[in-house]
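A.B. asks: Residues per chain, in single letters:
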Amino acid sequence: MTTTIIFTIASLSLLGLVLALILYFTAQKFKVVEDPRIDDVETILPGANCGGCGFAGCRAFAEGCVKADSLDGLFCPVGGNDTMKKVAGYLGVTVADKAPQVAVVRCNGNCDSRPKSSNYDGYTSCAVMANLYSGDTDCRYGCLGQGDCEISCDFDAIKMNPRTGLPEVDEEKCTACGACVKACPKFIIELRNKGPKGKRIFVSCINKDKGGVAKKACAVACIGCTKCQKVCAYDAITISSNLAYIDYNKCKLCRKCVVECPTNAIWEVNFPVRVPKRETADVEQQ
Amino acid sequence: MSKTFSIGGIHPKDNKISVKAAIENFPVMETAYISMSQHLGAPAEPIVAKGDKVKTGQLIAKANGFISANIHSSVSGTVSAIELMPDLAGNLVQHVVVKVEGDEWDEKIDRSPEIVREIKLSPSEIIAKIADCGIVGLGGAAFPTHIKLSPPPGKKAEFLVMNGAECEPYLTSDYRIMLENPEEILIGTRIMMIALGVKKAYVGIEDNKPKAIKAMKELCSKSYRDIKIVSLQKKYPQGGEKQLIDAILGRQVPSMGLPIDTGVVVQNVGTALAVYEAVQKNKPLFEGVVTVTGKCMTEQRNFRMRVGTTFESMLFAVGGFPKDAEKLVSGGPMMGKAVARIEAASVKSTSALLLLTEEETKRKPEGNCIRCAKCVDACPMGLEPFLLNRLSRAGRIDDLEANLVQDCIECGSCLYVCPANIPLLDTIRLSKASVLKIMRSRPKK
Chain G
1 MTTTIIFTIA SLSLLGLVLA LILYFTAQKF KVVEDPRIDD VETILPGANC GGCGFAGCRA
61 FAEGCVKADS LDGLFCPVGG NDTMKKVAGY LGVTVADKAP QVAVVRCNGN CDSRPKSSNY
121 DGYTSCAVMA NLYSGDTDCR YGCLGQGDCE ISCDFDAIKM NPRTGLPEVD EEKCTACGAC
181 VKACPKFIIE LRNKGPKGKR IFVSCINKDK GGVAKKACAV ACIGCTKCQK VCAYDAITIS
241 SNLAYIDYNK CKLCRKCVVE CPTNAIWEVN FPVRVPKRET ADVEQQ
Chain V
1 MSKTFSIGGI HPKDNKISVK AAIENFPVME TAYISMSQHL GAPAEPIVAK GDKVKTGQLI
61 AKANGFISAN IHSSVSGTVS AIELMPDLAG NLVQHVVVKV EGDEWDEKID RSPEIVREIK
121 LSPSEIIAKI ADCGIVGLGG AAFPTHIKLS PPPGKKAEFL VMNGAECEPY LTSDYRIMLE
181 NPEEILIGTR IMMIALGVKK AYVGIEDNKP KAIKAMKELC SKSYRDIKIV SLQKKYPQGG
241 EKQLIDAILG RQVPSMGLPI DTGVVVQNVG TALAVYEAVQ KNKPLFEGVV TVTGKCMTEQ
301 RNFRMRVGTT FESMLFAVGG FPKDAEKLVS GGPMMGKAVA RIEAASVKST SALLLLTEEE
361 TKRKPEGNCI RCAKCVDACP MGLEPFLLNR LSRAGRIDDL EANLVQDCIE CGSCLYVCPA
421 NIPLLDTIRL SKASVLKIMR SRPKK
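Listed in order, the protein sequences are those of chains G and V.
The opening position of the first sequence corresponds to residue 1 in the numbering used here, with each subsequent residue numbered one higher.
The opening position of the second sequence corresponds to residue 1 in the numbering used here, with each subsequent residue numbered one higher.
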């Protein structure tokens with residue numbers, strides 16, 4: 001009886017020792033040397049794994065940062081400049097500030113200004129709808145309103161407004177990761193600089209049709225009339241294929257183009273409410 | 001016992017309510033809108049300018065590239081514009097707009113009613129003639145016929161299979177031409193047999209068209225012994241070329257393969273009629289038979305209609321838009337395309353204008369998959385639609401390719417049988433497009 005117990009203990013211990021030795025030498029032989037800094041950088045990053053940086057996730061981005069000589073071209077949109085500064089400080093390199101960006105919806109054709117010409121009753125997906133036809137309004141470029149951008153957003157920052165049928169961006173939550181830009185089959189959403197104190201001006205339309213056709217399909221379409229281009233003192237506005245585009249690096253936020261636009265296709269965001277001129281005149285008279 | 005294809009298939013109610021309506025000529029419209037993109041492949045290049053006078057049957061646009069087809073004027077009159085106009089899906093396509101003045105046909109076209117039986121041309125002359133006359137497959141895909149009739153080097157056709165199945169519900173245009181022009185179809189078939197150098201042809205007709213089978217069989221037993229009429233069981237999608245080859249010859253087209261890989265070329269009976277008219281009568285393809293039908297309509301019609309007729313004028317001819325019609329479809333209810341713009345014009349391969357009521361077309365809310373496998377049973381390609389749907393929603397492109405999403409023929413059988421109303425076809429079609437795009441961008445081995 002005792003011999004059996006002793007024999008069992010001895011044989012199992014021996015077996016454990018032999019296997020432990022094999023494991024130890026195998027682990028030594030095939031050891032993967034990894035830079036310990038990768039782990040540290042990863043803890044600095046926000047850990048959203050959104051892929052907005054262009055890497056597969058935060059770990060891959062951390063690896064990219066550690067391996068790269070400088071941080072040029074590497075940017076975490078979720079963490080922004082603060083996070084990048086921390087990463088740069090840890091790695092002992094310098095990093096230039098990048099202007100914070102925000103997703104901008106370049107379609108303002110709501111249910112009133114852009115009437116429906118057909119009813120879509122298929123699967124609720126912009127991608128499927130765009131695959132089938134040009135859309136349920138006469139505008140071939142405009143928002144399809146099925147909400148692929150809302151589904152793609154990891155941060156709950158873009159929401160469909162049922163009243164207008166258009167998506168709206170919550171700029172506090174938007175991290176400019178670019179997921180909605182990729183999800184939109186009509187390429188309506190663009191990442192633009194947030195601007196000083198969030199003030200920005202952009203053309204909220206991507207209709208490339210001739211003025212008459214665009215105007216017929218949507219009351220607030222850009223008709224390519226070049227009025228904004230003429231009024232702009234900073235050469236920030238270019239017009240190609242009947243569509244105006246404002247370069248956010250050149251725009252000085254003077255807002256002249258906003259007043260000039262005959263179809264109200266140019267939007268200003270986060271500016272103080274402008275008091276119409278005639279009303280002020282009336283007030284003075286009183 | 002009639003033959004049919006081996007796997008999958010569904011039995012929708014055939015609703016062929018326009019069978020008794022004989023083909024009548026549709027009045028020539030005031031303005032014709034002739035699309036430059038009526039075929040698969042590159043759009044044709046217009047060779048007329050604004051203000052030019054054109055005759056019916058005159059060449060107005062040349063094929064542009066290898067897969068493309070010539071386009072002829074369907075009316076006589078003056079070219080009033082060459083401009084971008086929306087097609088039925090609202091996408092802009094270049095159109096030649098012709099203001100109609102009278103109806104003067106090109107002198108070369110033989111308009112006599114006699115049937116020309118003797119085939120004088122050599123195979124290469126036939127193919128050149130077909131290419132000149134801009135014949136495209138009238139089964140739906142509108143693939144240029146002359147390319148189908150010239151198999152790639154190293155591949156030889158053994159049989160010609162003619163598709164007279166017309167498995168789509170509602171459509172009767174092929175049935176009417178088989179009934180009214182059977183001999184022309186058989187001569188057209190024989191012309192294509194000469195062009196391909198094959199000795200035997202089969203015409204597959206579903207057994208819900210006994211009159212057409214009888215008419216064709218009688219003619220074949222008399223003077224067209226090399227063409228065999230095969231009666232097929234009624235089952236959708238029998239008209240798909242892979243299904244038709246399986247049904248008639250029992251051969252399987254390999255994955256991503258073409259019918260020619262099994263030594264078969266498939267053509268539609270409508271194409272045969274167009275080939276006959278082109279080769280024997282010198283008449284280019286500028287008109288075709290269009291069924292205008294729907295349960296909500298008081299009368300069902302089969303029209304011989306010029307290319308470039310707007311859907312609006314078709315509706316006008318049958319007495320306007322019925323009150324309970326909810327959806328317009330160009331083609332059959334299973335694979336046809338919804339008409340989003342009624343000002344769009346018909347093209348060569350337009351086979352029907354179908355009006356559906358709300359009851360027929362309304363989608364029910366989507367439920368959960370209950371793993372009943374009805375879609376697997378229904379899929380004529382042996383795929384697993386429920387799995388493809390899940391993979392496609394998850395965006396797993398590699399797994400989609402491994403599960404052969406690229407073989408989907410988009411027949412819609414899975415969507416038809418699904419008790420949970422899952423939009424299987426919509427999601428599968430979307431992922432099929434992205435998988436095919438990736439497969440094509442790979443370097444060829």
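Hints are supplied without guarantee of correctness; some may be wrong.
Keeping only pairs whose Cα atoms sit at most 30 Å apart, straight-line, the calculated DSBU-like set for lysine-lysine is [what the hints assert, rightly or not]:
#1 G:Lys-215 x G:Lys-256
#2 V:Lys-337 x V:Lys-155
#3 V:Lys-53 x G:Lys-186
#4 V:Lys-337 x G:Lys-210
#5 G:Lys-210 x V:Lys-53
No lab work stands behind these hints, which were simulated from the structure alone.
A.B. asks: Each hint should be assessed against the structure and marked as holding or not.
C.D. replies: Outcome of the hint check:
no.	hint	verdict
1	G:Lys-215 x G:Lys-256	holds, 22 Å
2	V:Lys-337 x V:Lys-155	violated, 34 Å
3	V:Lys-53 x G:Lys-186	violated, 40 Å
4	V:Lys-337 x G:Lys-210	holds, 28 Å
5	G:Lys-210 x V:Lys-53	holds, 29 Å
In this structure, the hints that do not hold are numbers 2, 3, in rising order.
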